[in-house]
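S.K.: The residues making up each chain are set out below.
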Amino acid sequence: MPSILIVDDHAFIRRGIRSILQDSPDWNVSGEAENGRDAVRLAKELKPDVILMDVSMPGMTGLEATRLIRQNNPKAKVVLLTLHDSRELVRSAFQVGVNGYLLKTDAERELMRALAVVAEEGTYASPKIDAELVKKAMAERGERLP
Amino acid sequence: MKILVADDHDIVRRGLKQLLTAQPGWTVVAEAKNGRDAVALAEEHKPDMVVMDISMPELNGLEAARQIHKQLPKTQLVILTLHFSDQLVHDIVEAGARGYIMKSDADRDLVTAVEAVSRGRSFFTPGATEMVLTEFRKREDLSEAARPFRGRLTAREREIVQLLAEGKSSKEVAVGLGISVKTAETHRANIMRKLGIHSVSELVRYAVKNQIIEA
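Heads up: the sequence lines are chains C and R, in that order.
Mapping the first sequence onto the numbering used here, position 66 (from 1) lands on 59, and the numbers just tick up by one.
Mapping the second sequence onto the numbering used here, position 60 (from 1) lands on 151, and the numbers just tick up by one.
No lab work stands behind these hints, which were simulated from the structure alone.
Please note that a few of the clues may not be correct.
Claimed, not checked - Below, in silico cross-link-like pairs of lysine-lysine (DSSO-like), each with a Cα-Cα straight-line distance of 27 Å or less:
hint, chain 1, residue 1, chain 2, residue 2
1, C, K121, R, K108
2, R, K161, R, K108
3, R, K124, C, K121
4, R, K285, R, K259
5, R, K137, R, K124
6, R, K108, R, K137
Claimed, not checked - So these bits of chain C aren't anywhere near chain R, every CB distance computed over 12 Å:
hint, residue
7, R7
8, S12
9, E57
10, R63
11, A132
Note that beta-carbon positions come from the ideal geometry of N, C-alpha and C, so glycine has one too.
Could you put together the complete structure from these sequences and hints?
M.R.: The structure is reproduced here in structure tokens:
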């Protein structure tokens, strides 16, 4: 069963995600972190298959944490879970190398879809996000890779 | 206790429901995704408590709270928000809610809030106090920065500002404070330099603005 690390500074969100995933036989929540720094540490310790990552958190943002996790644990899938859908954030997220971009306004079934897609090595973006923008950002990332 | 939960985010609603139903004797009787549904479901279920987000589509939480409070005065309200502002506290209280917490607060704060409000008491986010103070300090800093301040005045200098602004001459200042005229004039020059002003009328304006004298 794939394991998940939940990263969000809001306790209600962590609780909500945990509660949704506990109802599903396909996923196992292996840990929770409330800031980017703990996320990096727990990603190393627990080696989760998927990390559900908030962006705006005190201390270290989810993007910075993703960058660091990518260095130690390149196989872990990162799905950003955020309130923000600005073009700049979408672009930076896919440039940093997230596997999924989910909005907090999305419904439960989108959360389940996002997890299923990234677990199968795919890339997920919320239906509310401009797909062209995602493609472009990923291409830009490709160009920068050695 | 019968509770209605209203939030447009599935994940948050889920978290709230899970937390509230984990408390002995508390049940979530209905869930709403927007303010309009919250009002309708409140009328239908007549809950003891409504836990409601503010920013929701169609009808926001504040307006919904107002309507619920009017129709069901016995139903208590706890409002949940992402951001904080002084104005919001005012609006929330005016809408008839006695509890106000932020989404960044800990789980137990919501439980404490619901508990307090259900007993007819009030509960405000622990973050509110801190933020009121921060806002207050920010405003202080701003007004300070707005002043043409080149250096802080000493207590004696502030005293002299008042006398000069009241129209006293250097000699009158000297007599009033029991210092020499020369010292009074030195103080006066230092004050002008520190405040970056060049005339008594500017000094008067400064004194009025900073409530050293009354206009």
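S.K.: Each hint: holds or not?
M.R.: To see whether the hints hold, each was checked on the structure:
no., hint, verdict
1, K121/C to K108/R, "holds (26 Å)"
2, K161/R to K108/R, "holds (25 Å)"
3, K124/R to K121/C, "holds (18 Å)"
4, K285/R to K259/R, "holds (20 Å)"
5, K137/R to K124/R, "holds (17 Å)"
6, K108/R to K137/R, "holds (17 Å)"
7, R7, "violated (7 Å)"
8, S12, "violated (4 Å)"
9, E57, "holds (19 Å)"
10, R63, "holds (25 Å)"
11, A132, "holds (31 Å)"
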